[in-house]
Amino acid sequence: MGKALCRIRLQCEGTRRNRRNCLNFIMLNIFIKPTLRPQGLDLTLMEAMQCGKLVLTPNYSGRVVINEGFGYTFSPNVGSFVEALQRAIRDGPAKLHKKGMACKAYASSMFTSTKMASAYERFFLCMKNSRYCKYPLPTDC
946 MGKALCRIRL QCEGTRRNRR NCLNFIMLNI FIKPTLRPQG LDLTLMEAMQ CGKLVLTPNY
1006 SGRVVINEGF GYTFSPNVGS FVEALQRAIR DGPAKLHKKG MACKAYASSM FTSTKMASAY
1066 ERFFLCMKNS RYCKYPLPTD C
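Here the sequence shown is numbered in our numbering, starting from 946 and rising by one per residue.
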């Protein structure tokens, strides 16, 4: 009687051509991206975070999940994936929701069009002239 039961329902969405951003994420408690290949700056992870969903994703470099307050990372193998999924299940819905709200706040402040454009501009300027590689510049917002 003292044991809590947990029921998991997984839904595999696959590739979508007409994504409607947050409408795809509304029913999710957690966005799982079990890819075995690095994705660079992963837009689906940023979209999920901006919709208030925490993420479970491989711990490749360049990822958007910078700490466990935003989700769970795993090595790209089945054992590590299962461990991360079990951590998420143990945390329960209330903690998952809290982490999702932290994701939303972080993504809303870091992945705005202005910030992203500024970061790309800085990157290209830095490639042209190393004086732009110093942080922060007086022109940084």
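Because the hints were derived from the structure by calculation, they are not lab data.
Heads up, some of the hints might be wrong.
Under the rule of at most 25 Å between Cα atoms (straight-line distance), these lysine to any residue pairs were calculated in the SDA-like manner [as the list claims (entries may be wrong)]:
(1) Lys1049 x Met972
(2) Lys1043 x Arg1076
(3) Lys978 x Gly1014
(4) Lys1043 x Arg982
(5) Lys1073 x Gly985
(6) Lys1073 x Ile1034
(7) Lys1060 x Met972
(8) Lys1060 x Ala1047
(9) Lys1073 x Gly997
(10) Lys978 x Lys1073
(11) Lys978 x Cys1071
(12) Lys1049 x Ile1034
(13) Lys1049 x Gln1031
(14) Lys1043 x Ser1063
Taking CB as the label site, the calculated pair distances span [stated by the list, open to error]:
(15) Asn1074 x Asp1036: 24 to 34 Å
(16) Asn974 x Asn1012: 39 to 49 Å
(17) Gly1024 x Met1061: 15 to 25 Å
(18) Lys1060 x Pro1021: 38 to 48 Å
(19) Arg1076 x Met972: 29 to 39 Å
(20) Pro979 x Met1046: 40 to 50 Å
(21) Cys1078 x Ala1039: 15 to 25 Å
(22) Ser1054 x Met972: 44 to 54 Å
(23) Arg1067 x Gln984: 46 to 56 Å
(24) Ile1034 x Arg982: 23 to 33 Å
(25) Asn1004 x Met1072: 26 to 36 Å
(26) Gly1037 x Ala1064: 31 to 41 Å
(27) Asn1074 x Lys1040: 22 to 32 Å
(28) Lys1073 x Val1023: 12 to 22 Å
Beta carbons are placed, not taken as given, at the ideal position from N, Cα and C, and that holds for glycine.
Hint-by-hint comparison with the structure:
1. Lys1049 x Met972: 16 Å, holds
2. Lys1043 x Arg1076: 41 Å, violated
3. Lys978 x Gly1014: Distance of about 17 Å is within 25 Å: holds.
4. Lys1043 x Arg982: 29 Å, violated
5. Lys1073 x Gly985: Answer holds: Lys1073 to Gly985 is near 22 Å, not above 25 Å.
6. Lys1073 x Ile1034: Judged against 25 Å, a Cα distance of about 47 Å means the pair is violated.
7. Lys1060 x Met972: Distance ~29 Å between Lys1060 and Met972 Cα, so the pair is violated.
8. Lys1060 x Ala1047: 19 Å, holds
9. Lys1073 x Gly997: 37 Å, violated
10. Lys978 x Lys1073: Violated - the C-alpha atoms of Lys1073 and Lys978 are around 35 Å apart, more than 25 Å.
11. Lys978 x Cys1071: 32 Å, violated
12. Lys1049 x Ile1034: Roughly 20 Å separates the two Cα atoms, so the pair holds.
13. Lys1049 x Gln1031: The given pair, whose Cα atoms are some 23 Å apart, holds under the 25 Å limit.
14. Lys1043 x Ser1063: With a Cα-Cα distance of about 29 Å, the restraint between Lys1043 and Ser1063 is violated, given a limit of 25 Å.
15. Asn1074 x Asp1036: 24 to 34 Å: 46 Å, violated
16. Asn974 x Asn1012: 39 to 49 Å: 19 Å, violated
17. Gly1024 x Met1061: 15 to 25 Å: Cβ of Gly1024 to Cβ of Met1061: about 35 Å, so the range 15 to 25 Å is violated.
18. Lys1060 x Pro1021: 38 to 48 Å: 28 Å, violated
19. Arg1076 x Met972: 29 to 39 Å: 49 Å, violated
20. Pro979 x Met1046: 40 to 50 Å: Between Pro979 and Met1046, where Cβ atoms are some 24 Å apart, the hint is violated.
21. Cys1078 x Ala1039: 15 to 25 Å: 43 Å, violated
22. Ser1054 x Met972: 44 to 54 Å: 25 Å, violated
23. Arg1067 x Gln984: 46 to 56 Å: 22 Å, violated
24. Ile1034 x Arg982: 23 to 33 Å: At 26 Å between Cβs, range holds.
25. Asn1004 x Met1072: 26 to 36 Å: Holds - the Cβ-Cβ distance for Asn1004 and Met1072, about 27 Å, lies within 26 to 36 Å.
26. Gly1037 x Ala1064: 31 to 41 Å: 35 Å, holds
27. Asn1074 x Lys1040: 22 to 32 Å: Distance hint for Asn1074, Lys1040 is violated at roughly 46 Å.
28. Lys1073 x Val1023: 12 to 22 Å: 44 Å, violated
Hints 2, 4, 6, 7, 9, 10, 11, 14, 15, 16, 17, 18, 19, 20, 21, 22, 23, 27, 28, counting from the list given before, are not met by this structure.
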